[in-house]
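Engineer: If you read the protein sequences in the order shown, they are chains S and R. Heads up: the first sequence at position 11 corresponds to 257 in the working numbering, and the numbers run straight through without jumps. Heads up: the second sequence at position 91 corresponds to 412 in the working numbering, and the numbers run straight through without jumps.
Quick caveat, the hints were computed from the structure, so don't treat them as lab data. Positions of the beta carbon are idealized from the N, C-alpha and C atoms, including for glycine. Errors might be hidden in some of the hints.
Below, a sample of chain R positions facing chain S; criterion: calculated Cβ distance under 8 Å [what the hints assert, rightly or not]:
(1) 362
(2) 363
(3) 369
(4) 417
(5) 423
Listed next, with one range per pair, are the computed distances between beta-carbon atoms [what the hints assert, rightly or not]:
(6) S:272 <-> R:387: 32 to 38 Å
(7) R:428 <-> S:302: 36 to 42 Å
(8) R:390 <-> S:286: 27 to 33 Å
(9) S:263 <-> R:371: 41 to 47 Å
(10) S:313 <-> R:417: 19 to 25 Å
(11) S:360 <-> R:396: 41 to 47 Å
(12) R:333 <-> S:330: 41 to 47 Å
(13) R:330 <-> S:304: 22 to 28 Å
(14) R:391 <-> S:263: 25 to 31 Å
So the chains spell out like this:
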Amino acid sequence: SAVISQKPSRDICQRGTSLTIQCQVDSQVTMMFWYRQQPGQSLTLIATANQGSEATYESGFVIDKFPISRPNLTFSTLTVSNMSPEDSSIYLCSVERGTGNTIYFGEGSWLTVV
Amino acid sequence: EDKVVQSPLSLVVHEGDTVTLNCSYEVTNFRSLLWYKQEKKAPTFLFMLTSSGIEKKSGRLSSILDKKELSSILNITATQTGDSAIYLCAVRAGSYQLTFGKGTKLSVIP
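Only chain S is shown next, with the shape it has when bound in the complex (with noise of 0.2 Å):
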């Protein structure tokens, strides 16, 4: 399995603003995902982030919008920006790891927006 560590795991932020997730994994990945789950919907991947490129962003996301990171093999963050009452879920970092290349997922970053 993979110990993934999420911080924050939960706020409540104002319209407008900006807000960086955190992901942070017990050992080096070669990929690591961002998702978000929004309330009652399922997961839906956001992007991929690979260690020194660009992140790839599934359609319906922009990286204006959600501007990732990736400085190493074992950190990335995502940021929300301009933040809108839709854009209130959970996002969840991931890793693929393995026999298999199972995907496991981080604690979550629960995001409020009023």
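Following the hints, complete the assembly by docking chain R onto the known chain S.
Structural biologist: Positioned in the frame of chain S, the structure of chain R alone reads:
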């Protein structure tokens, strides 16, 4: 577009019952199917099924992949209140993309 459909969306059972959760999929270049348990925020990995590993079991939980029917089931026997959670099915196609179903919310009442 890849699609994963889970049923039922919610289920209420009594402790000790056996439940079967369903997952069907339509994806291009299927690689694997994964089951997760989500209690609060983070999905916890349960099983991964592939063409070379179509049946997995761990304690009271078991899962089978039917590649012909493009589906999978997750069985939980002798359910306990601690099994109450949302169970997510996800299918991996291509290089890394995971497509998730909407989940089945299981409630186990004493």
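Engineer: Would you say the C-beta atoms of residue 391 (chain R) and residue 263 (chain S) sit inside 25 to 31 Å of each other?
Structural biologist: Violated - the Cβ-Cβ distance for residue 391 (chain R) and residue 263 (chain S), about 44 Å, lies outside 25 to 31 Å.
Engineer: Please verify that hint: residue 363 (chain R), Cβ, nearest Cβ of chain S, below 8 Å or not.
Structural biologist: With a closest approach of 5 Å, the residue 363 (chain R) hint holds.
Engineer: Verify the CB-CB distance for residue 428 (chain R) and residue 302 (chain S) against the hinted window 36 to 42 Å.
Structural biologist: 38 Å, holds
Engineer: Go ahead and decide if the range 27 to 33 Å is satisfied by the Cβ distance of residue 390 (chain R) to residue 286 (chain S).
Structural biologist: 28 Å, holds
Engineer: Just to be sure I understand the hint, the distance between the Cβ atoms of residue 272 (chain S) and residue 387 (chain R) should be within 32 to 38 Å; is that true here?
Structural biologist: At 35 Å between Cβs, range holds.
Engineer: For the range 41 to 47 Å, tell me whether the beta carbons of residue 333 (chain R) and residue 330 (chain S) fit it or not.
Structural biologist: Between residue 333 (chain R) and residue 330 (chain S), where Cβ atoms are some 35 Å apart, the hint is violated.
Engineer: Go through the hint on residue 362 (chain R) and say holds or violated, using the shortest Cβ distance to chain S against 8 Å.
Structural biologist: 3 Å, holds
Engineer: Interface hint check: residue 423 (chain R), Cβ to nearest Cβ on chain S, cutoff 8 Å. Holds or violated?
Structural biologist: Holds, because the Cβ-Cβ distance from residue 423 (chain R) to chain S comes to roughly 5 Å (cut-off 8 Å).
Engineer: Taking 8 Å as the limit, does the beta-carbon of residue 369 (chain R) come near enough to a beta-carbon in chain S?
Structural biologist: 5 Å, holds
Engineer: Is it true that residue 263 (chain S) and residue 371 (chain R) lie within 41 to 47 Å of each other by Cβ?
Structural biologist: Given about 43 Å between the Cβ atoms, the range holds.
Engineer: Is it true that the C-beta distance of residue 313 (chain S) to residue 417 (chain R) lies inside 19 to 25 Å, as the hint says?
Structural biologist: 20 Å, holds
Engineer: Does the hinted range 41 to 47 Å hold for residue 360 (chain S) and residue 396 (chain R) at CB?
Structural biologist: 42 Å, holds
Hint compliance for this structure: hints 12 and 14 are broken, all remaining hints hold.
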